[in-house]
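S.K.: This is what each chain is made of:
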Amino acid sequence: GENVEQHPSTLSVQEGDSAVIKCTYSDSASNYFPWYKQELGKGPQLIIDIRSNVGEKKDQRIAVTLNKTAKHFSLHITETQPEDSAVYFCAAASNFGNEKLTFGTGTRLTIIP
Amino acid sequence: DTAVSQTPKYLVTQMGNDKSIKCEQNLGHDTMYWYKQDSKKFLKIMFSYNNKELIINETVPNRFSPKSPDKAHLNLHINSLELGDSAVYFCASSLTGTREDGYTFGSGTRLTVV
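Keeping their order, the protein sequence lines are chains S and Z.
Note that our numbering has the first sequence beginning at 270, numbered continuously upward.
Note that our numbering has the second sequence beginning at -17, numbered continuously upward.
If we strip away everything but chain Z, and leave its shape as in the complex, we get:
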């Protein structure tokens, strides 16, 4: 029973396309995050939501738009994809954003823009 699940696991698309990545957690956590991991394995936060409310928005291009329909879901929509968007995107969740039980990460979505 997967705690944080992301779909799709792999995504290959052409430049200029629009794509979405979905994330769902069944842990009862109320804070969810999107992290980007580049080719050098560097993990950088993009967004976080607490109970459907955006609380962190790092300097991410506005082509990236997160959407949280409820506290168990946080989706990421990317418009006009660029080559530099190629990376692994991780969704994560935590309890009340206090890190008391750490972050639980999904298994990642490998996005390749060609």
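Isolated chain S, as found in the complex:
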């Protein structure tokens, strides 16, 4: 089955600086890569996703890049703000077999004012 590794597990960034979180996956059949943000006491919320036919996707301050050859994808947050503090999860899924998301282990991002 799919295995998703995520780094770093914790990340502290000065407000206004950029944050980068990286994930690798094992199943070459995976073709859908979403990112979720989980705030304290809440469920994960989809913030951006990318499919394997695209190398990069941007939504305001958030961007995701995908390297299918190397099987890794990254989340980039620019001009970080205190409200970006949360746990971020990457995930991967394929069209084949059971429809399920395999999540990474999470990154606790802290924005220092």
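To be clear, the hints were calculated from the coordinates, so they are not data collected in a lab.
One or more hints might be untrue.
One-sided excerpt, in silico: chain Z residues whose CB lies under 10 Å from chain S [claimed, not checked]:
1. Lys(-9)
2. Tyr17
3. Lys22
4. Phe24
5. Ile27
6. Glu40
7. Val42
8. Phe46
9. Cys73
10. Ala74
11. Tyr85
12. Thr86
13. Gly88
14. Gly90
15. Arg92
The calculated label-pair distances, taken between Cβ atoms and stated as ranges, are [to be verified]:
16. S:Gly285 with Z:Lys49: 26 to 36 Å
17. Z:Lys26 with S:Leu315: 14 to 24 Å
18. Z:Gly10 with S:Asp328: 23 to 33 Å
19. S:Gly285 with Z:Ser62: 35 to 45 Å
20. Z:Pro51 with S:Gly285: 48 to 58 Å
21. Z:Lys22 with S:Ile381: 34 to 44 Å
22. Z:Asn61 with S:His276: 30 to 40 Å
23. Z:Asn61 with S:Glu284: 43 to 53 Å
24. Z:Gly(-2) with S:Asp328: 43 to 53 Å
25. Z:Glu40 with S:Lys311: 46 to 56 Å
26. S:Gly324 with Z:Lys22: 42 to 52 Å
27. Z:Glu40 with S:Ala298: 16 to 26 Å
28. Z:Ser2 with S:Glu308: 41 to 51 Å
From the three backbone atoms N, C-alpha and C, an ideal C-beta is built for every residue, glycine too.
Fit chain Z to the known structure of chain S by using the hints.
M.R.: Using the frame of chain S, we list chain Z on its own:
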């Protein structure tokens, strides 16, 4: 108007008891899921249902039994609770299981077994 709602939000119970968690979604989605999040925040799928039919059943002890009376509801019943069952359980839903609009998660049920 909550999209995916779970009840209860907190559940504290003794070992050996039987408990249920309820989940309802009003998004018109036809696939629903149960995920378990452990103390290290790791999210792992337990079950998924598509139109009331079980389609994913990970290696979960058979003390856990999901039930889907209709496509808007997916409940989780746990028998003979053990200390290791303590975790946050998240219900989620998606459209046709194709992830076209991502998964929508509920706010979680924190289960503590004492």
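S.K.: Could you run down the list of hints and mark each one as holding or not?
M.R.: Going through the hints against the structure:
no., hint, result
1, Lys(-9), "9 Å, holds"
2, Tyr17, "8 Å, holds"
3, Lys22, "7 Å, holds"
4, Phe24, "6 Å, holds"
5, Ile27, "5 Å, holds"
6, Glu40, "8 Å, holds"
7, Val42, "13 Å, violated"
8, Phe46, "16 Å, violated"
9, Cys73, "8 Å, holds"
10, Ala74, "8 Å, holds"
11, Tyr85, "6 Å, holds"
12, Thr86, "8 Å, holds"
13, Gly88, "5 Å, holds"
14, Gly90, "5 Å, holds"
15, Arg92, "9 Å, holds"
16, S:Gly285 with Z:Lys49: 26 to 36 Å, "49 Å, violated"
17, Z:Lys26 with S:Leu315: 14 to 24 Å, "18 Å, holds"
18, Z:Gly10 with S:Asp328: 23 to 33 Å, "25 Å, holds"
19, S:Gly285 with Z:Ser62: 35 to 45 Å, "52 Å, violated"
20, Z:Pro51 with S:Gly285: 48 to 58 Å, "50 Å, holds"
21, Z:Lys22 with S:Ile381: 34 to 44 Å, "23 Å, violated"
22, Z:Asn61 with S:His276: 30 to 40 Å, "38 Å, holds"
23, Z:Asn61 with S:Glu284: 43 to 53 Å, "48 Å, holds"
24, Z:Gly(-2) with S:Asp328: 43 to 53 Å, "48 Å, holds"
25, Z:Glu40 with S:Lys311: 46 to 56 Å, "24 Å, violated"
26, S:Gly324 with Z:Lys22: 42 to 52 Å, "32 Å, violated"
27, Z:Glu40 with S:Ala298: 16 to 26 Å, "18 Å, holds"
28, Z:Ser2 with S:Glu308: 41 to 51 Å, "27 Å, violated"
Hint check: violations occur at hints 7, 8, 16, 19, 21, 25, 26 and 28; the rest are consistent with the structure.
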